[in-house]
Structures are given as structure tokens and as C-alpha cells.
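One-letter residues, chain by chain:
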Amino acid sequence: MRMRSGISRVAVEAAILLIIIVVAIMLVGPGKALSSAVTSRLGLVAPANLQAMGGGVAGESSTSIYFVVFVRNLGPNTVGDPNLDDSYIPSMWEVYVNGASCVVRVSYIRQHNQDPSLEDNAAMEPYEIWEFGFRCPKSSVPPAQEYKVAIYGPSGVRAYYTIEGG
Amino acid sequence: MTGRRCGLTRVVAETLVLVIAVMIILLIIGPLNSYVSSAISGSVITASPSDIEILSLYLADSPCTSGVCIELAVKNNGPLSLRNADRWGSWVLIIDDYYCGEPDYVDVGGDDTLDVGEVAKLRWSDNQCTRYAGSYTSSIYAIRDRSYVVKVFGPEGTFTAYTYFPG
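Protein chains in written order, with our numbering: chain A, 865 to 1030; chain B, 172 to 338.
Hints listed in this document are in silico derivations from the structure and should not be mistaken for laboratory results. Quick caveat, the model's predicted, so the values are computed rather than measured. All C-beta atoms in this analysis are idealised placements derived from N, C-alpha and C, irrespective of residue type, glycine included. Treat the hints with care, since some could be wrong.
Unchecked claim - Among chain A residues calculated to face chain B with C-beta under 7 Å, some are:
1. Gln-915
2. Ala-916
3. Met-917
4. Gly-919
5. Gly-920
6. Ala-922
7. Phe-934
8. Leu-938
9. Tyr-952
10. Pro-954
11. Gln-975
12. Asp-979
Let the sequences and hints guide you as you build the complete structure.
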């Protein structure tokens, strides 16, 4: 008689059990911190949650509408590269209004950091609040009653806010 | 020997392992990500842990730069205590979508926790709220003779809103 080719049922069940245990530990057990760190590092999960706090239409020219939105980093991690200076911020963040791309002009720190050395970098530390100022061309974002703003930052962080038009 | 080896074939075993691996990958980076990402990320705050409520709001009757210009009483309705309630950046006030900043005085009972049922007293010594936007910078003064939509952001991502009417 030929022997049946394959691994034994015991080995298969042991392997499946092991995988289930590892997954369970990664999700709810002591491996949670590890999986969080790994997934954040790989960019699979955003390192922090952003909270859009408010905003509005700041002004209007013949060709553009100017907006501001206040955003707080709820943590747990810093967003962005603390080794870069704040001139890099506009290129690291993307803003869309009603689905159309807009231009990040400036970001003011509204909740100042307790450590002044962290004030001028391109990173948003936990509990720091930024005011994003951005400009949208009227050709793609015409004046409206409602503006749905989506802000995307480094490492997959994002915030959404709806501005009521005037 | 005539005894057959007991177990699954290699093909079946490998198929099972492959299916499990694909499921894990889908859970982590695929369309089911949003359902499990909060569990994976652990300490990421995805929803407010507690409800807070504005009990009262005092506004000065004119532009004000000292003393008590704005005073708020905010209650934690639970279900959880809020840590870091006296920490830098924990409380922020926004009125009519203008940024009024954090309070100059916070009273959460002498500790750093706002327990369930406890009321935080917050005071601002300035009532000018601003939007910085270069040449479009503008501001308002939160004074008592006008209506406002008041938003308070608290510790651990908590949030509440309140409509203020004069009188």
C-alpha cells in the first residue's frame, strides 16, 4: 500500500490553532501594541486620529475661494516628520473640497506646543492644533451652500469637515 | 505496512492555510480594514469615550482682554472618566467657527480627571476669536448680545455643541 501524501491531521490542526492564537493575541492581547507599531510603520493604519474642529470661508477673490479649517491631533503619535521645517507642510498635505483639489497655502499653529523647539517643524504633535488655510479655484469649486472638505496628511491621517456657505 | 496515514492531504492543508492567510490580509489592508483597524491600533481614539455637556455659558457684554470674559461649565455625562482633563491642549473653544483657544483657567476638582457626573469650570480672559488667513484674517468678539453656535472640544476627543441665545 502506498502511504497517503501529506502532513498529519494533528500537524494541520496545530498549525491552524497556532495561527488563530497569534491573530487573537495581535488583536486583543499583549501583542496589540506590537501590531499597532508594525501596522503604523508599514502605513497600514494611520499613526494618529485627527479631529476637525471648525472652519469657514475666509474670503473670496475673482478666481478663488479661501478656506480655513482647525484640526487637532488626538494622538497617539506625532504626524509628519519632526526633522523637517514647516515650509514642507503644504507639500505634505492634500486638501479636497467637494471632490476638487485645492492648494494648501499656510498652516498656523493655534494650540501652541509646550516645547517651543517643536513649534517650527513639519510635524503635528499630539494635542497640537493647526489652522489650515487653503485656496480653491472657482473653476473647480464654484460658490455653494455647502463645502465638504477632506484633508489628507502624512502616513494616511485624514480629517473631514463640512463648511456651510454664506 | 498496510496502515494508512491518518490526516488531511497536503493540498487540503495548504488550501486551508492559504485561505486563513488571505483572510488575515483582507482584515488588515483590504475592504474589511475599517472594521478591525480600531481593534488593531489599540490606543487610537476612534470615538469619544464619554459624552460631555455644556451646562452654562457666561459671556462678557463687550470686548474683553482680562478677567473673566468667557466662562463655561461642562459636565461629563459618562460613561467613562476623562483623563488629562487639566492637561495642555485638552479644552478648546470654537464659536461660530472662529477659534477662541484654550481656557486660561481650568478647574476639574484639583486632579487631572473629570469623573462621571463631575463639572469642569473653564474660563477665558479674552473673548476675541479668530481665523488667520493672511489678508483674509478676521475675528469676532463673543459678547452676550448675539446668538452663537458654541463648540467645546474636551479631553480624549470629546466634543459638545451648544446654541447660545442672548438674554
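Compare the structure with the hints numbered earlier in the document and write down the numbers of the violated ones, lowest to highest.
2, 9, 10 and 12
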